[in-house]
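Q: Here is how the chains run, residue by residue.
Number of protein chains: 2
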Amino acid sequence: MLLDKLLNSDKVMEEMYKYPIKVVSQMTGLSVFVIRAWERRYNVVTPSRTETNRRLYSQVDIEKLRLLNEAVQKGHNISGVAKLSIEDLHSVLDNEKTGPFASEDLSLDNFSDVTTLVNKSIEAIKAYDAKTLDTVLLKASSKMSQPQLIENLIIPLVYKVGDFWHDGTIRVANEHLASAVIRSFLVNLIEQHTPSENAPIIISATPRGQDHELGALIAGVTAAAVGWKVIYLGPNLPVEEIAAVTENLEAKVVALSIVYPNDDPQLRKDFLNLNKMLSKSISLIVGGRAADGYLDVLDEIGAVLVKNTKQLRAELEALRGNKYN
Amino acid sequence: MLLDKLLNSDKVMEEMYKYPIKVVSQMTGLSVFVIRAWERRYNVVTPSRTETNRRLYSQVDIEKLRLLNEAVQKGHNISGVAKLSIEDLHSVLDNEKTGPFASEDLSLDNFSDVTTLVNKSIEAIKAYDAKTLDTVLLKASSKMSQPQLIENLIIPLVYKVGDFWHDGTIRVANEHLASAVIRSFLVNLIEQHTPSENAPIIISATPRGQDHELGALIAGVTAAAVGWKVIYLGPNLPVEEIAAVTENLEAKVVALSIVYPNDDPQLRKDFLNLNKMLSKSISLIVGGRAADGYLDVLDEIGAVLVKNTKQLRAELEALRGNKYN
DNA sequence: AATGATTTGTCTAGTGTTTGTCAAGCCTTT
DNA sequence: AAAGGCTTGACAAACACTAGACAAATCATT
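Going down the list, the sequences are from chains A and B. Using the working numbering, the letters of the first sequence map in sequence onto residues 9 to 333. Using the working numbering, the letters of the second sequence map in sequence onto residues 9 to 333.
Watch out, some of these pointers could steer you wrong.
Chain copies aren't distinguished; within one or between two, either way the pair holds.
Claimed, not checked - Straight-line distance between alpha carbons at most 27 Å, and here's what the computed DSSO-like set of lysine-lysine pairs gives:
hint	residue 1	residue 2
1	Lys82	Lys139
2	Lys91	Lys147
3	Lys318	Lys139
4	Lys168	Lys151
5	Lys147	Lys30
Source of the hints: derived by calculation from the structure; they are not laboratory data. From a predicted model like this one, the values you see are computed outputs, not experimental measurements.
Work the whole structure out from these sequences, hints included.
A: Okay, here's the thing in structure tokens:
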């Protein structure tokens, strides 16, 4: 079952959705003119094309454009940074934040594949070695694109920790430590993004009774990566609160993660309540292991159930498109 | 060691990215006019050029400019320090740090900032602006010492958020968001420390029923700052788990934070249980708002109650001293 | 203490480069 | 038919470059 998930998420990457230029413009905050100019003058990306010659950008292209934009905002000239790889861009931008030479130690290490990274992480967790775990995650984040990081490392890791926890291979304490580190890492990931001025807002949280926040965090990271402005509210939040914030900030989407009890009657009520409190124009997206259990209610209130981050990305994409076309 | 890195990174990367003058200006705090003037008059650096004659600065150049600026800020005149090498500059500046100017420098920053920083943080929290909150904390952490950061910013901030939460000035959602960011920030702080090989180990957590983990995190940061190796296990952990980890890693100290109910009979039992499970040589330190409520039990099991981080630091110093002298 | 010389950050003028923006003309999608 | 994507070519604003100027501050000498 675990293996299944790993393989699955691999396939997902191959057939990844590609984005038209307008969407990329909104996601990166760059105008379509600039995107085309950068391609023409510096070949910063080489998007594939449709049969009718329209540009189609991959997640990686978008990631690069985003980073380039960030670099340019910071004062670099595009002609200078254009030829840098994604990793180089990361280290250049990191340098700015933490001073020079901070990322030096990281570059030396091996070009390990994903399974090795997961195993290294598990080892660190077993040894209560938070620092190493954090380092592994950080290294990984500079070596792969964000969707890859989430799909191939974070999610498998979380599942593996969950499985080991259930079958007693690791202790509750290990799981807690891992959660603390991963949580902190994901919060950082979300905050590293600088959404463009007119980016739509998404609220991410788990409702009352739901203590597992990793799902909500992953949703947050995913949304941030495709250009949304993410307000992450953490776990165990009364729906009244969620509704209030949503209205207050005029958010377009509320994303909730449901992990454990798949038959909580209180949660059923909460969903209905939330629906009443939210304006019609606001979309509710629900994900997580136990979300299936509430399918009837979710249907009733017109919420969308997503099974993985790819679906979430697609859903966000659709919502954004509708608003602007 | 820094020199090592400088030379290394220069040699290894023949074709490293170089920074344009605008970015260098931002990174060093020098105006572009000054940067050019210093080059023209004293040849402080000799940046390479593009084909069109624009300056390109290496990391080394930037480091030198930064140090020169620091020296000038401290009262040296540029004509005097211009010809110094990076190593010379370091030793000059190191002398100053322990000298008369050090304290003045610190107090200057602190003065103006602390209350402003707390207020800025509160504003960000009210606006659900996690990113700004994080930025404020990060900037603060680079401008003051860690004890100061904890005592003067983090703790007041946490209390203020708590107060505002109680009196309804902010929403539960604000509090959650603030917790998520502060938590993540503190976890990072802990992990930034590299304890020495033979550093004594401290376990930090909150026992079952205690959901507020900030106290435990603050304890962790404090311990890490005074050289302990911190294993942070997060909130709501059964005492059996805590005991198991402690024995497993041969930790010297267990630190627990108790925040809310000050009369939980289950927690009383847990304390007694924990005491039974731990070897005599292991010290138990308890802190937090509600710790007072369990004074009798804590006395009975020989636990130490600390009221603030200063006491915690003192306690840790004492314990460490005993073990090594 | 006054005077003159030096130091140093800031700025202007004139020139060349970089870069975001756009128009024209054509094609595709809806 | 309207909207939007494609390419090519053009343009103006922003920016970096040099050389030289200027004024405030600092230092040295009478």
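Q: When no copy is specified for Lys91 and Lys147, does a C-alpha distance of 27 Å or less occur within a copy, between copies, both, or neither?
A: within (22 Å within a copy, 31 Å between copies)
Q: 27 Å Cα cut-off: does Lys318 pair with Lys139 within a copy, between copies, both or neither?
A: between (30 Å within a copy, 25 Å between copies)
Q: How would you classify Lys147 and Lys30 at a CA-CA limit of 27 Å: within, between, both, or neither?
A: So Lys147 and Lys30 pass the 27 Å test inside one copy only (21 Å; across, 29 Å).
Q: Between copies, within a copy, both or neither: which fits Lys82 and Lys139 at Cα up to 27 Å?
A: between (30 Å within a copy, 17 Å between copies)
Q: My question is about Lys168 and Lys151: at a cut-off of 27 Å on alpha-carbon distance, are they close within one copy, between copies, both, or neither?
A: within (22 Å within a copy, 40 Å between copies)
Violation of the numbered hints given earlier is absent; every hint is satisfied by the structure.
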